[in-house]
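Asks: Please build the complex by placing chain L on the supplied structure of chain U, with the hints as guidance.
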Amino acid sequence: MDLDKDNANPTILNPSDLPSRRQESIGRRRNEGGTGLFDGLIPQYNYLNDPFEQSALSSDSEDEVSEIIDEQEVYDLISSISDPEHPLSLGSLAVVNLPDIHIQPPISPFSSISTVLVEITPTITHCSLATVIGLGVRVRLEQALPPRFRVDVRIKKGTHSTDEAVNKQLGDKERVAAALENGTLMGVIRKMLSTCE
Amino acid sequence: MAATNETKYSHLLQPLATLSPPSNSRTWQTAPHPSQPIVATACSDRSVRVYSLTSFTLLHSITGGHKRSVRSVGWKPGVRGQSVLATGSFDASAGIWRRRDDGEDPQDFTNHGGRRDGEDEEEDDDDDEYQFACILDGHESEIKSLAWSPSGQYLATCSRDKSVWIWEELEDDNFETVAVLQEHDGDVKCVNWHPEEDLLVSASYDDTVRLYKEDSDDWMQVASIDGHKMTVWWAEFEGSGMSSKDWRKGREGLDERQRNYIEELERSGPRLATCSDDCTARIWRRKPREGQNSGSSGMPSIIRSTAIDEEWFEESVLPQQHTRAIYSVSWSQTSGLLVSAGSDGKIVVYKERWKSAPFQAHNEHGTLAEWVVIAELWEAHGVFEINHVTWAPRKDKGVRWEGEEVILSTGDDGEVKVWELNEQSGVSAVAKGDEMVA
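Chains as they are written, first to last, in this note's numbering: chain U, 1 to 197; chain L, 1001 to 1438.
The following block holds chain U by itself, in its conformation from the complex:
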């Protein structure tokens, strides 16, 4: 199996060199529950509206709603995702990097929608798994961040041979939604995200 890997000898960063502030994950609690095949994958949209859910949340953390989410927090959410072909995290492989995470605040006083842009750096320029990694990052953030965040995941310019095509796929909501209904693909994503607890 190792022979099939796109990159059998990736550069690995020392865990102590990775950017960190604290390891508590704000998204963890949104992943619990749901025993059905798809339940965990469907963005839990009602979580801000459901009064019972809300009270459960507020006991967890008083300032959940108003909590400011910064780049480090987003990094913490995605750096622990496992690479689909190595038993290593995307953070330690430098696929996701703190300086490549950008948060845009709402563009207007009438809006509360923020944007998170994550640029990922595939380990090698023709890595066929770039799309899967990007999808994993997008799914992770859509599940973990409050719904007021729009998540844009892109391949960092010049780091991948087909970055435009991959970016177009990752930016297509309908394709992403269909991918989430694909059992095989979701199996891979679930495995990648299993190290995120």
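By construction, these hints were calculated from the structure, which means they are not laboratory data. Small disclaimer: the values here were computed from a predicted structure and weren't measured. A portion of the hints provided could be inaccurate.
Derived CB-CB ranges, DEER-like [what the hints assert, rightly or not]: (1) U:Glu-164 with L:Ser-1141: 18 to 24 Å; (2) U:Ile-103 with L:Ser-1020: 55 to 61 Å; (3) L:Ser-1061 with U:Thr-184: 38 to 44 Å; (4) L:Val-1079 with U:Leu-117: 47 to 53 Å; (5) L:Val-1372 with U:His-102: 29 to 35 Å; (6) L:Asp-1396 with U:Ser-161: 53 to 59 Å; (7) U:Leu-185 with L:Pro-1077: 46 to 52 Å.
Here are the computed lysine-lysine pairs in the BS3-like style, where the Cα-Cα straight-line distance is at most 30 Å [to be verified]: (8) U:Lys-191 with L:Lys-1067; (9) U:Lys-173 with L:Lys-1076; (10) L:Lys-1162 with U:Lys-168; (11) L:Lys-1287 with L:Lys-1355; (12) U:Lys-173 with L:Lys-1162.
Backbone N, C-alpha and C define an ideal beta-carbon position, used for all residues, glycine too.
Replies: Same frame as chain U, now just chain L:
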């Protein structure tokens, strides 16, 4: 909560209702019935929800047909005595569903002596539900959109497999594939029909829009529209005969150029609106054929087949209000207003009007008219994306004038919201489209 920049525009979008109960997962698209006060909503939980536009409540839930998200729904037009619904799903199939209509016409009403809902319900329980009629298999991957032709003769479907299929219903539930069109280089996101001709439009992930017509038993591409720089999510034709209904209907006081301009628009026929990931919505117009006078003296000739190609040009780009992908744009069939919505959660309403004098030079593709924003609503579905927006006749008891319309928006929050468009008092004339030129 929804917020509006209240002072800026001439109209306000105000909430009338949320169809209840909402779905608890993403809803994709809502189709108003062509004659009854009901809508069907395509849901990611693999169901279709049929709601009343009179009571704004759920009437039917159509489940058990599709194995994946229902992405698109469409009512067959021109059917009597029953309602026929087509559903397109991520499971690559399309379904046809039928339901005997409620006896809401006067004749039936007397038959039943005005029975109340609920009394006789047990005995015709089966008849009350939407019955699965048949499945249309053929696409290799997710169906993204479907649309019936205005006559109901054809059903078009499109898919991530890059193809557009045209089906013809030969007899009840017997559909034949009459065309498989594979002109696009990417997912086909949307199909729609011209209101007067059997002219089909498709919009795609390959950033293009294409038009198709039948010519001596073969459906073929007759035009390709390039202009959008990213995925085109929606394409929809203008209604039929709008120049006698919309801003163009009052002809007094127009100068010759304006009158000529209206005639030119009439010769082109209904226009096309498209919207895209590139955050723009655009209007396209067909170049009238030389010597073709409003289609009246259409000369049937063998030569016609070589001249089936059409030329469509970009007439205008709507004022750019959206900051993320625009997923949907819709023409009002009665007022000619346009509405758009998308990933940024905004709903924007546009109106066309005469440009104020002095007129711009009237070059080849010059236009004497312009589109202006008359209403803008932020966060119409809270922080969620809006996947579809459309106009529908207003049918609740609050209807204020004959032909009043509401806007229906369908969102990632699982909700379908109903909006009323109200003129805002105390807005300066500059922002009011109507009075501008007069």
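Asks: For each hint, tell me whether it holds in the structure or not.
Replies: Each hint tested on the structure:
Between Glu-164 (chain U) and Ser-1141 (chain L) the CB atoms are about 21 Å apart, so this pair conforms to the stated range of 18 to 24 Å. Between Ile-103 (chain U) and Ser-1020 (chain L), the C-beta spacing of about 35 Å breaks the proposed range 55 to 61 Å. A beta carbon spacing of about 29 Å between Ser-1061 (chain L) and Thr-184 (chain U) contradicts the range 38 to 44 Å that was offered as a hint. Checked against the given bound of 47 to 53 Å, the beta carbons of Val-1079 (chain L) and Leu-117 (chain U), roughly 48 Å apart, stay inside it.
Under the hint 29 to 35 Å, the C-beta atoms of Val-1372 (chain L) and His-102 (chain U), about 34 Å apart, fit the expected range. In this structure the hint that Asp-1396 (chain L) and Ser-161 (chain U) lie 53 to 59 Å apart at CB holds, the actual value being about 56 Å. At about 38 Å, the beta-carbon gap between Leu-185 (chain U) and Pro-1077 (chain L) misses the expected band of 46 to 52 Å. With a C-alpha separation of about 24 Å, the suggested pairing of Lys-191 (chain U) with Lys-1067 (chain L) holds against the 30 Å cut-off.
Taking the CA atoms of Lys-173 (chain U) and Lys-1076 (chain L), the gap is near 28 Å; set against the 30 Å cutoff, the hint holds. With a CA separation close to 16 Å, the supplied pair Lys-1162 (chain L) and Lys-168 (chain U) stays within the 30 Å bound. Restraint check for Lys-1287 (chain L) and Lys-1355 (chain L): the C-alpha separation of about 21 Å stays at or below 30 Å, so the hint holds. Note on Lys-173 (chain U) and Lys-1162 (chain L): the hinted pairing holds, with a Cα-Cα distance of about 17 Å set against a maximum of 30 Å.
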